[in-house]
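Novice: Each chain is listed here by its residues.
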Amino acid sequence: MLEINNLVVQIEDKRILNGLSLTVNDGEVAAIMGPNGSGKSTLSYVIAGKEDYEVLDGEIRLDGENILEMEPDARAAAGIFLAFQYPLEIPGVGTMTFLKAALNAQRKSRGEDELTTPDFIRRVNAAADTLEINKDMLKRALNVGFSGGEKKRMEILQMALLQPRFCVLDETDSGLDIDALRIVSEGVNALRAKNRSFLVITHYQRLLNHIVPDTVHVMAQGRVVKSGGKELALELEASGYAEYRTNEAA
Amino acid sequence: MPAVQETVDRVRAIDVDQYKYGFETTIEMEKSERGISEDVIRFISAKKDEPAWMLEWRLDAYRRWQTMKEPNWARVSYDRIDYDQLYYYAAPKRNAAASLDEIDPEILKTYEKLGIPLREVELLEGIAPQNRVAVDAVFDSVSVATTFKAELAKAGVIFMPISEALREHPELVRKYLGSVVPVTDNFFATLNSAVFSDGSFVYIPPGVRCPMELSTYFRINERDTGQFERTLIIADKGSYVSYLEGCTAPKRDDNQLHAAVVELVALDDAEIKYSTVQNWYPGDNEGRGGIYNFVTKRGDCRGANSKISWTQVETGSAITWKYPSCILRGDNSRGEFYSIAVSNGMQQVDSGTKMIHLGKNTTSRIISKGISAGRSQNTYRGLVSAHKKAKGARNFTNCDSLLIGDQCGAHTVPYIESKNASAVFEHEATTSKISEDQMFYCQSRGLTEEEATALIVNGFVRDVLQQLPMEFAVEAQKLISISLEGSVG
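In the order they appear, the protein sequences are chains A and B.
Take the first sequence: its position 158, counting from 1, is numbered 158 in the UniProt record's numbering, and each next residue is one higher.
Take the second sequence: its position 244, counting from 1, is numbered 244 in the UniProt record's numbering, and each next residue is one higher.
To be clear, the hints were calculated from the coordinates, so they are not data collected in a lab.
None of these values were measured; they are calculated from a predicted model.
Any given hint might turn out to be false.
Unchecked claim - Here are the simulated lysine to any residue pairs, SDA-like style, with alpha carbons at most 25 Å apart: (1) A:K226 x A:A242; (2) A:K151 x B:R64; (3) A:K139 x B:D437.
Said to hold, decoys possible - Stretch by stretch, here's where chain B covers chain A in the computed footprint (C-beta under 8 Å, at least three residues): (4) 59 to 73; (5) 93 to 101; (6) 130 to 140.
We treat Cβ as the ideally placed atom computed from N, Cα and C, and that holds for glycine.
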């Protein structure tokens, strides 16, 4: 379970999150929607532990433990995963090399044995098949020369491999065509489990047709201003964010 | 994959003191008087019992050197070197003569500590013949031991200290010494010609593939001593040799000079592969101490279809001034240069290569990877030239620089000269920086900062590491991680 209480965050003296509170229960898929500049991406980075953000107040608890003091790699080992909106390219580092290094780093920090190579390859191949990822892609340097859709699928492959407790998907649907959207969504749905929860950040309702959320939260001015069931997303699709923008202006 | 993990593990296991070869051996030494003079040169020559022509050669070099000026075109800066304050010869009093048993046990211990066992019994244990490496160990000014000499002699291979070769094979040494790097070549090479003390001599007879890797391990130990080694390798027609060189020195607050000359000669259809892992003491983080590494290395592809390949991993030295080059004289000859130069702290590197195309259809390839961290400056300086007769000459050059942090510098200075319209030269260069976003991305997948840096750097240098012999590649990878420790954050 992830609990965020009264989170206040700024970057370079600019306040982005203003006392945001949110709880995502085990097994729950929560969607976050909201206009540009409402602080959605900031929230995802702060959960994952990006340095540039200054947390002035509040806490983020994963299963009761405050993770705000933890380094990003420690958070990853504790089960936090962020699927990036813009995944980074790592030239010269083979995708398989990267995946194995990441997986074993996490296992090591949890005091588990390293995976054997055959076991590792089996897991990667299984995940790659589900996500319709060409095996040739696994032989290339991580994300280098990948198309936008390939990069997003690689994010989900990493998620499948690392088996996190809490997944943040930051606008995973941006830049995807309809087929890729379906494949990525199926990949995510296959990972839905009782002990795993998701925070799905998106501008558009269409992603939520594929990944059906349990709860929908609307963010504006760095706060959750409205929460509801999946029907809230449909309302937003019809009415737009105008109502919340007015708030913003005021 | 395992190699990456290994690097990561090694990085983790390293203690605070990054340079682990910085210890000093206390041992009785015999030295020449301080400074340089004709008398000092006569002293060195007499110590080595050299033929008269060799002494004349040295004196001639010394006289020329006195008229020369220290070069200042490299992108490095340092206080003036006082050549009158250096010792030009320092040798352990109990020197190796007939057998290892006569070597000072302190020296044996030193090499053991460096991970270079000199006793063949230890070397042989559990190592298949094809994986054996013959070692020439040079301690300050003299060679203290050379292993596997007898076994190599069976194949006709001569592998011995150059001072010994001057006595046993004077005609061979005389024929080739200075034929690639002339006495007057440059300030430091001329100085070396006057006072060179020891180094390795290798001769591979026609048609022989050297049965094992040859290597020389250079150790500077004595204070205020310059090391001026001289290496000469001749691969006769149709022969092959792979040669490795390693270097370390104690940690000291003052600078020490290392001015070596390496000459390679490849005759028709011969191939020489020369690898260096240079780890001289780099000085501390404020730039105190460290070795001045002013080295002239050149290979002459004298015969048709010959090949010379330089591979270097440079992590040490306060200042590196070094351009291992190839003269592609024989038709269809090939020169290669693969380099990883890592600089951290206050290190200054100005290194690269020259590929001089003289013969027809000569080809060359340059792959250079510079990694700068801390407040260091790292320059690639290279020349590719084609002379009038070099019809069909081809070169491919790729220079990549990686910056870690925002206080270091990377510079690329490529010179290209072509006097033949049929020559095709390609040059690619990139400069990149490990970005905070890349680091965050890796960390968010569970890698620590050190693991992420090691992974990214290994990716960057991968194509050069692949050129190194297996054992050296592991060693080099380790070294790169150590050199970059503490460079992030």
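Novice: Evaluate each hint against the coordinates.
Specialist: Hints versus structure:
1. A:K226 x A:A242: holds (14 Å)
2. A:K151 x B:R64: This hinted pair is violated, its Cα atoms lying about 63 Å apart.
3. A:K139 x B:D437: holds (23 Å)
4. 59 to 73: holds (count 3)
5. 93 to 101: holds (count 7)
6. 130 to 140: It is violated: at least three residues are needed, and the segment 130 to 140 of chain A offers just 0 whose Cβ sits closer than 8 Å to chain B.
Consistency with the previously given hints fails for numbers 2, 6, ordered from lowest to highest.
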